[in-house]
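Heads up: the protein sequence lines correspond to chains U and A, in order.
Numbered per the numbering used here, the first sequence spans residues 1 to 478.
Numbered per the numbering used here, the second sequence spans residues 1 to 478.
None of these hints come from the bench; they were simulated from the model.
Ideal Cβ placement from N, Cα and C applies to all residues, glycine included.
A couple of the hints might just be wrong.
Claimed, not checked - Derived list of chain U stretches under chain A, where covered just means 3 residues or more per stretch with a C-beta under 8 Å from a C-beta of chain A: (1) 131-145; (2) 167-180; (3) 289-301; (4) 305-312; (5) 324-338.
As the list claims (entries may be wrong) - Over 12 Å on every C-beta distance to chain U, these chain A residues come out as not near it, computed from the model: (6) A43; (7) H44; (8) D60; (9) T63; (10) H134; (11) E254; (12) T256; (13) S289; (14) P348; (15) A353; (16) S392.
Read off the chains here:
2 protein chains.
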Amino acid sequence: MTAEPFVVVGGDAAGLSAASKCKREDPDREVVVFEKGRWVSYAHCGTPYFVKGEVERLTDLLTLSPDDIEERGIDLRREREVVAVDTDARSVTVRTPAGERREQSYSDLLVATGAHALTAPVDGTDLDGVFSLHGLDDAAAIRAALEPEGEATPESLGGDGYVDRERVERYAAWAPPETVAIVGGGYVGVEMAEAFTAHGLDVHVFQRGDHVLGPFGEAVAERVETELREQGVTLHLDTEVDRLAGEGRVERLECTGDTAIDVDMALVGVGIRPNVSLVADTAVDLGESGAVAVDDYGRTSAEDVYAAGDCAEARHTVTGEFDWVPLGLTANRAGRAIGQTVAGDPKPTGDIAGTAVVKAFEQECGRVGIVDHERTREAGFDPVSETITTASRSGYYPGAAETVVSLTADRETGRLLGGTIVGTDRAAVRIDTVATALEGDMTVGEVENLDLGYAPPFSPVWDPVLTAAKVLNGSLDE
Amino acid sequence: MTAEPFVVVGGDAAGLSAASKCKREDPDREVVVFEKGRWVSYAHCGTPYFVKGEVERLTDLLTLSPDDIEERGIDLRREREVVAVDTDARSVTVRTPAGERREQSYSDLLVATGAHALTAPVDGTDLDGVFSLHGLDDAAAIRAALEPEGEATPESLGGDGYVDRERVERYAAWAPPETVAIVGGGYVGVEMAEAFTAHGLDVHVFQRGDHVLGPFGEAVAERVETELREQGVTLHLDTEVDRLAGEGRVERLECTGDTAIDVDMALVGVGIRPNVSLVADTAVDLGESGAVAVDDYGRTSAEDVYAAGDCAEARHTVTGEFDWVPLGLTANRAGRAIGQTVAGDPKPTGDIAGTAVVKAFEQECGRVGIVDHERTREAGFDPVSETITTASRSGYYPGAAETVVSLTADRETGRLLGGTIVGTDRAAVRIDTVATALEGDMTVGEVENLDLGYAPPFSPVWDPVLTAAKVLNGSLDE
């Protein structure tokens, strides 16, 4: 038994996956998890659906309760912020809510500090009624504001014992807003457009670039933009938001140029950044992306210090280089692998493929790999793409829906580099076929010859992915 | 330009894919397709949904009409049965409806004669009201029998000009049956149980073995059996049907032992066999499976003679051996490749993985590779399997449904050998992930580390396939 504990900083996906796995593999090992907030082990990705009202209670979003965690033999310490790391002394400094500082030694340390929502460069984000959506307290406050005046309570939202009561009570006293501006048309912006629309709000989405969902490419974006408009959302593309303005409470959104609209709520979702300040001046190096640099086992440049989750890089299967793609599965998987490694049975954290799926009202969207031609060129490839539109099922079978697949390959080698998909019928799940092909280093010719399932209720004879591969393979031959 | 034409025997998936591709690649090439029946280019797999009534017209099931085919420059000759092949003379003998025989020379020949439904060892299958479901005439007759007395006509069924009028008219005169026996619980049996139930019939399924859907393994079968029973279907497992009896028209089904039930309709779906009689006494060799032996380009043992589709073997990606797995995509793909090869640009037909999906009422089922332990052992592997049950979406998201995944791997190498899946929410499409992993020769450890898509509406953080791989990988370590 090691004298000092395995110390984990951050009590969410990566941190608790590591703690749980380590404890399971080596039950005698002492494992201490510090979490600066009250919430632990919650499903970030579920928060838009809590705001929408499809998920009733905040606690429904918890994978594990603190009691569950304690039952696993993990020493969980909530409301304890780790404020410093000393890699020479192999210890961390922990601050209590009362402001006291204590030292904690470690044998192994996992930095799983996550990420935070950006608000820059928009001014006025400190006004009342301006939100980010990063964590359950944000979700609770937004939903409190949306519910009929005076109705929401910390208890009715299922936040008992955890939630920021003062914030919930303040927004519960609001008359429900009528017009909301969403600044940023990424995942969160698109998902929250759906959530706000469900509450009957007049929803405006502002996007600086010419398309929403940038990483999903143009073919997906165009379909999603049509969907958003059909659902009553007003899109302001190529529009830069300058500031949110109001007297204490947000009243107006002003764009560069002349555009301005009256709003009584705003959500700023312009991206996230890794939480790396804890290790900024230590022996733990950052990568080019600004996230913590790691190797294939999640090891940082400092001895026995690991990093995982939204604060860390991971190796991208297409480029072979380390990149920052903060997503839920990556965090869970890397955490779990590191837990096993710390327990004495080293396991690689696994490559990432940049696989992401998102629901935009009725449209299911997926993307994987590298689809942007500029980025593929930077990675040394000569990209060729094809986009096809086909049916999700045999054309004669009820419910067949248009499905758009775009695939990108390297001209010289034929190697698949990435793909996107959009459609209303089982589209998102099909991106997993492309992800698996990418991780198998397949060429487009190999993808074209995949023996995928066919039955009229589920797919046409040639699955949409196969049709795209067939067309792209034809282009490569030219 | 070759003097003699490319001759194709059989005007369905494989034959017309080959003809179309050859003509597209080499427009000057003469391509002649002989089809013994009137129907061409029809979707076999859609016939249960025509019987059910979800597909309105028989012609909806045609991928290409004869006119479409002629427009492609293909010389299509329907109602012309090829009755002999002379590989020395490089010619085939064709019989016209009038009984005349004519010789047709070929430069290249594709045997795409398909398969036929077995009825043995059940006696009495020649009684009125006993059907197989193999082709559109069967589908038309069954649906005519199900519709109110005197209502169905060749025209109302959308069979104008093609359908067996006499048979449709005869069954249209029937009072709709009340009790139907389905002999055989394979794909067709399960799909037709759904179709007959939709018409309000009392449906009995007889299965000789202890489970329906044998190739899908026990985990899928058990769930499907529960589903069938919940939908009102009576299952007779471990029950061998001896004979169908009646005076001209089927009235009773008798099993080995004492069981007998009164029925007024029966469907026999106990399997299919390749149509190989055409080449039985020629230089075209058959494989061990009884289907035509081919190489990776679909070439038979006879010079310039190819075979594809339900009459031919194909190489299985798991065993590396040739096997007979008659499925729609395989036929289309092999046909297309052979068309390209014949046009002068050789292309392999592609491996098969035995991927199959089927809908059983609300349950979506998928299977791929080799999942039967005895068969894996015969192929030289030491199989280990694990079966898991998990949610199809994040547990808190509405519509999450139980999904059962079973994976099989080789103990020594960890190589994935096969898998099955069943569930009501996007289950079938997920088998494509397993199929792609199989064709990428992945180990279970590699599957466990796949970066699959995650968003609450579509999957849990760990996709069901990943969870299964994680558990199986744990077992392999033991």
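### Query
Quick check: the region 324-338 of chain U, covered by chain A? Criterion 3+ residues, Cβ under 8 Å.
Since three or more residues must qualify, the claim that chain A covers the region 324-338 of chain U holds, with 6 doing so at under 8 Å.
### Query
Would A/A353 pass as off the interface with chain U, using Cβ distances and a cut of 12 Å?
violated, 4 Å
### Message
Can you confirm whether chain A covers the region 131-145 of chain U, using C-beta to C-beta distances below 8 Å and requiring at least three such residues?
### Response
violated (count 0)
### Verdict on chain A covering the region 289-301 of chain U, where coverage means 3 or more residues with a C-beta closer than 8 Å
Answer violated; 0 residues pass the 8 Å Cβ test.
### Task
Find the nearest Cβ of chain U to the Cβ of A/A43 and say whether that gap is larger than 12 Å.
violated, 6 Å
### Task
Decide, holds or violated, for the assertion that all CB atoms of chain U are farther than 12 Å from the CB of A/S289.
The claim holds: A/S289 sits with its nearest Cβ about 17 Å from chain U, beyond 12 Å.
### Task
Examine each Cβ of chain U, and state whether all of them lie more than 12 Å from the Cβ of A/T256.
About 32 Å separates A/T256 from the closest Cβ of chain U, which puts it past 12 Å; holds.
#### Entry: Minimum Cβ-Cβ distance from A/S392 to chain U exceeds 12 Å
violated, 9 Å
### Query
Can we confirm that no CB of chain U comes within 12 Å of the CB of A/H134?
Given that every Cβ of chain U is farther than 12 Å from that of A/H134, nearest at about 16 Å, it holds.
#### Entry: Given as non-interface: A/T63, partner chain U, CB spacing beyond 12 Å
A/T63 not clear of chain U: closest Cβ-Cβ about 8 Å, inside 12 Å.
### Task
Check the non-interface label on A/D60: least C-beta distance to chain U beyond 12 Å or not.
With a cut-off of 12 Å, A/D60 comes too close to chain U, as the shortest Cβ separation is near 4 Å.
#### Entry: Beyond 12 Å from every chain U Cβ - status for A/P348
violated, 8 Å
Hints 1, 2, 3, 4, 6, 7, 8, 9, 14, 15 and 16, counting from the list given before, are not met by this structure.
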